[in-house]
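S.K.: Each chain, letter by letter, is given below.
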Amino acid sequence: MNITEKILARASGKEKLSPDDVVFVNVDKVMLHDVSGPGVIKVFEKLKNQGINVEKLWDSSKVWIAEDHFVPSADKVSAENIVKLSNFSKKYGIEKHFKYGLGQYGICHTLSHEEAMVLPGEVYVGGDSHTNTTGALGAFACGLGHTDIAYVLLNGKIWFKVPETLLFKLNGKLPEHVMAKDLILKIIGDIGTDGGAYKTMQFAGNGIDEMSIDERLTLTNMTTEAGAKNGIIEPDQKIVDHLASRGATEFTQIKGDSDADYSKTFEYEASEMEPIVAKPFSPDNIVVVREAPTVELDKAYIGSCTGAKLEDLEAAAKILKGKKVKIRTEVLPAAISIYKKAIEKGFIQIFLDAGATVGPPTCGACCGAHMGVLAKGEICISTTNRNFPGRMGHVESQTYLASPLVTAASAVTGKITDPRDLN
Amino acid sequence: MKGNVIKYERDNIDTDVILPGTYLKLHDYDELASHAMEGIDPEFHAKVKDGDFIVSGKNFGCGSSREHAPIALSHSGIKAVLALSFARIFYRNSVDGAFLLPIEIDEEAYKNIANGDELNISIETNEIKNVTKNQTYHMKPFSEIIGKIIAAGGLFKFKP
Numbered sequence: 001m002n003i004t005e006k007i008l009a010r011a012s013g014k015e016k017l018s019p020d021d022v023v024f025v026n027v028d029k030v031m032l033h034d035v036s037g038p039g040v041i042k043v044f045e046k047l048k049n050q051g052i053n054v055e056k057l058w059d060s061s062k063v064w065i066a067e068d069h070f071v072p073s074a075d076k077v078s079a080e081n082i083v084k085l086s087n088f089s090k091k092y093g094i095e096k097h098f099k100y101g102l103g104q105y106g107i108c109h110t111l112s113h114e115e116a117m118v119l120p121g122e123v124y125v126g127g128d129s130h131t132n133t134t135g136a137l138g139a140f141a142c143g144l145g146h147t148d149i150a151y152v153l154l155n156g157k158i159w160f161k162v163p164e165t166l167l168f169k170l171n172g173k174l175p176e177h178v179m180a181k182d183l184i185l186k187i188i189g190d191i192g193t194d195g196g197a198y199k200t201m202q203f204a205g206n207g208i209d210e211m212s213i214d215e216r217l218t219l220t221n222m223t224t225e226a227g228a229k230n231g232i233i234e235p236d237q238k239i240v241d242h243l244a245s246r247g248a249t250e251f252t253q254i255k256g257d258s259d260a261d262y263s264k265t266f267e268y269e270a271s272e273m274e275p276i277v278a279k280p281f282s283p284d285n286i287v288v289v290r291e292a293p294t295v296e297l298d299k300a301y302i303g304s305c306t307g308a309k310l311e312d313l314e315a316a317a318k319i320l321k322g323k324k325v326k327i328r329t330e331v332l333p334a335a336i337s338i339y340k341k342a343i344e345k346g347f348i349q350i351f352l353d354a355g356a357t358v359g360p361p362t363c364g365a366c367c368g369a370h371m372g373v374l375a376k377g378e379i380c381i382s383t384t385n386r387n388f389p390g391r392m393g394h395v396e397s398q399t400y401l402a403s404p405l406v407t408a409a410s411a412v413t414g415k416i417t418d419p420r421d422l423n
Numbered sequence: 001m002k003g004n005v006i007k008y009e010r011d012n013i014d015t016d017v018i019l020p021g022t023y024l025k026l027h028d029y030d031e032l033a034s035h036a037m038e039g040i041d042p043e044f045h046a047k048v049k050d051g052d053f054i055v056s057g058k059n060f061g062c063g064s065s066r067e068h069a070p071i072a073l074s075h076s077g078i079k080a081v082l083a084l085s086f087a088r089i090f091y092r093n094s095v096d097g098a099f100l101l102p103i104e105i106d107e108e109a110y111k112n113i114a115n116g117d118e119l120n121i122s123i124e125t126n127e128i129k130n131v132t133k134n135q136t137y138h139m140k141p142f143s144e145i146i147g148k149i150i151a152a153g154g155l156f157k158f159k160p
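Protein sequence lines correspond, in order, to chains A and B. Heads up, the first sequence is in this note's numbering, so the first residue is 1 and it goes up one at a time. Heads up, the second sequence is in this note's numbering, so the first residue is 1 and it goes up one at a time.
Derived CB-CB ranges, DEER-like:
no. : chain 1 : residue 1 : chain 2 : residue 2 : range
1   : B       : SER122    : A       : VAL22     : 19 to 27 Å
2   : A       : LYS324    : B       : LYS111    : 52 to 60 Å
3   : B       : ALA152    : A       : GLN349    : 53 to 61 Å
4   : B       : HIS138    : A       : ASP20     : 20 to 28 Å
5   : B       : GLY77     : A       : GLY172    : 49 to 57 Å
6   : B       : VAL131    : A       : GLN253    : 55 to 63 Å
7   : B       : ASN112    : A       : ASP190    : 31 to 39 Å
8   : A       : THR265    : B       : HIS138    : 33 to 41 Å
9   : A       : ASN171    : B       : ASN112    : 44 to 52 Å
In silico DSSO-like cross-links for lysine-lysine, where the CA-CA straight-line distance does not exceed 30 Å:
no. : chain 1 : residue 1 : chain 2 : residue 2
10  : A       : LYS279    : B       : LYS58
11  : A       : LYS157    : B       : LYS140
12  : A       : LYS376    : B       : LYS47
13  : A       : LYS6      : A       : LYS157
14  : A       : LYS42     : A       : LYS91
15  : B       : LYS47     : A       : LYS42
16  : A       : LYS157    : A       : LYS62
17  : A       : LYS255    : A       : LYS14
18  : A       : LYS340    : A       : LYS321
19  : A       : LYS46     : B       : LYS49
20  : A       : LYS6      : B       : LYS159
21  : B       : LYS159    : A       : LYS42
22  : B       : LYS157    : A       : LYS42
23  : A       : LYS46     : B       : LYS159
24  : A       : LYS96     : A       : LYS84
25  : B       : LYS58     : A       : LYS161
26  : A       : LYS169    : B       : LYS58
27  : B       : LYS49     : A       : LYS42
28  : A       : LYS173    : A       : LYS238
29  : B       : LYS157    : A       : LYS84
30  : B       : LYS157    : A       : LYS46
31  : B       : LYS157    : A       : LYS48
32  : A       : LYS56     : B       : LYS148
33  : B       : LYS148    : A       : LYS161
Source of the hints: derived by calculation from the structure; they are not laboratory data. Everything numeric in this text was worked out from a predicted model, so none of it was measured. Here a beta-carbon is modelled for each residue, glycine too, at the ideal position from N, C-alpha and C.
Excised from the complex, chain A in its bound form (with noise of 0.2 Å):
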C-alpha cells in the first residue's frame, strides 16, 4: 500500500485497501473557519430541528477553528459570524480556536504547520477545499463542505472512497529563479484542473527531499486547483524536526511499501522548469513567464495560504530590496508568526521601503472576499491559488497566477516579468 492507503486502512482498521473501496475512517483532527464554521451552525440548527442531538461533540479537543476568511470583520454580518463562531466554541469546550487580535492567528492552513495541530499519520479534515495543504506533513488532509463536517463533529468518523494515486516525481533541485508554484502551475497545466479528480496526488524524488517545507506546502495546496482529494508527501526528518520545534513529537509516521502502487507516474526535470504564469481563467492556462503575453498590470498581490509563507515573502523580498513598485502591491503574511518573522528579517521594511501596502493576515483577497478586491477590468498578478471568473473580485477582473518572485519582479515593472529578466 501506498502512504494514503495506508493511513486510510490504519483509520478504518482494516488490513488492506484498494482504490475504489469505500470506508468510514475515524478522524484524527478537523477545523473549521468563519466561513464554514458558521455553515456547520446553521446544520446543527436543522439537524436539532430533525429531533438529532447535537449538544455534544464527538470530541471537542480534536477540534480547532480559525478566523481567517473576512477579518478584520469585513462588515457588519462576517462581525456576526465571529460572535458565532466564539458562542459554538464556548459551547463546545473547542479550547484551539485562533482569534484574530488575540495573539496567533492566521490562515487555517497556515496555522496547521505553524501550531502543529496536524500531525504525520493522521486523518485529517477541514471545512475548506485547500486542506490539502496539510497533507505536505505526511497527513492525509482532504477539503469537505458543511454536512460532511458536521457529520465528523459527530460522530468522529466520515466515509472516503479510496483513491488511486499519482506520483508526481522532480529529480533535482529547482534551480534559484523557480519556485513550488511554477512546478505545480506546470503540473496542473500538463494534467488539467480535473486531472487529479477523486484522486490522490503525491510528490517524491530527491528534488522533494531537497526542498523546505513551505516550499512542498505550495505543492500540496494546489493539488486543489486539480481536483484531488489529496495531496500528499511523505514525513522525512525535516517534518519531524519542524514539529519538534513546535513541540510536537508524540506521532507514527506512515510511509508507502516499497511495492506501493501508483496509477501513474509523471517525471519532472528541476533543471529543466521555467518559472510560469496561469493566464486567467483557469490555474491550467499555464504559460512561461517570458512567453506571457505584455498586458499593463493594475496590482500585485502576495498573500494567501499558498503564497504569503515565510519564504515566499523572503522570495519577494530578494526581489523588491531597493526597488520601487510600479503598481499597486500588497502583502499579507499567512500568519502573525510570519508576520513576526518577516520584520524580524527586514522583509517588512523592504515591502514599505519599496511602496507596498503590508496588511493584516487574512484569506481576503484572495477569494474577493475583502481588503483588496478587484474592480471591473483591473489586472493582478497573485501568489494565489485560483483564478475563475470573478474569484479575486469583480467577474471582468483578471488574475494572473505567479510565484512570489514572479509577482514580485512584476510589481516592480507593472509588467508580467521574469525575475532573471529584472535589471
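Given the coordinates of chain A, work out where chain B should sit on it, guided by the hints.
M.R.: This is chain B only, laid out in the frame that chain A set:
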C-alpha cells in the same frame, strides 16, 4: 422527476461562479439562492423555476468547498445538475446534504439536450427522457454508497 433545462455549455463551472466569494458570509438559504450563478448568469435568479435542471460540461463545481454552492442552486429550485463530470466536493456536498442530484451524462446527451428542453429523469432506471425531443439517454448509475445515501435522504439519515 420532471423539469426544464437551463444549459451552460462550458466546462469548469466553479463554485466562485455558482456563488461568488463575497457572499460566503451569508448563511440564509433563500438569500444565497438570490445570488446563485451570479458569476456567470445574472439573469438566473429571475428565470429559474422550481424543478428545473442545470446541464453543463466537465468538472462542474470545481474550486472552493463552499456548500453554499449546492445550497444556492437547491434553494433556487434546481433538483439536479446533469454534467459530463463533477468536482468531488461539490458532488459529495450535493449528495450528503441531500440538496440536489449530481447526474453524470455522456457526450451524446450533453450534445442533444438544449436549453429549455423538458426532461423526465428516473434514477431507478437510470434513464433520462427528453420529452421535447422524444429522445432517451442513459445516465451513469450512482455508485453503491452514493445510491444508498441518496435513497436515505442524505448522510445523516444513512445507516452505514
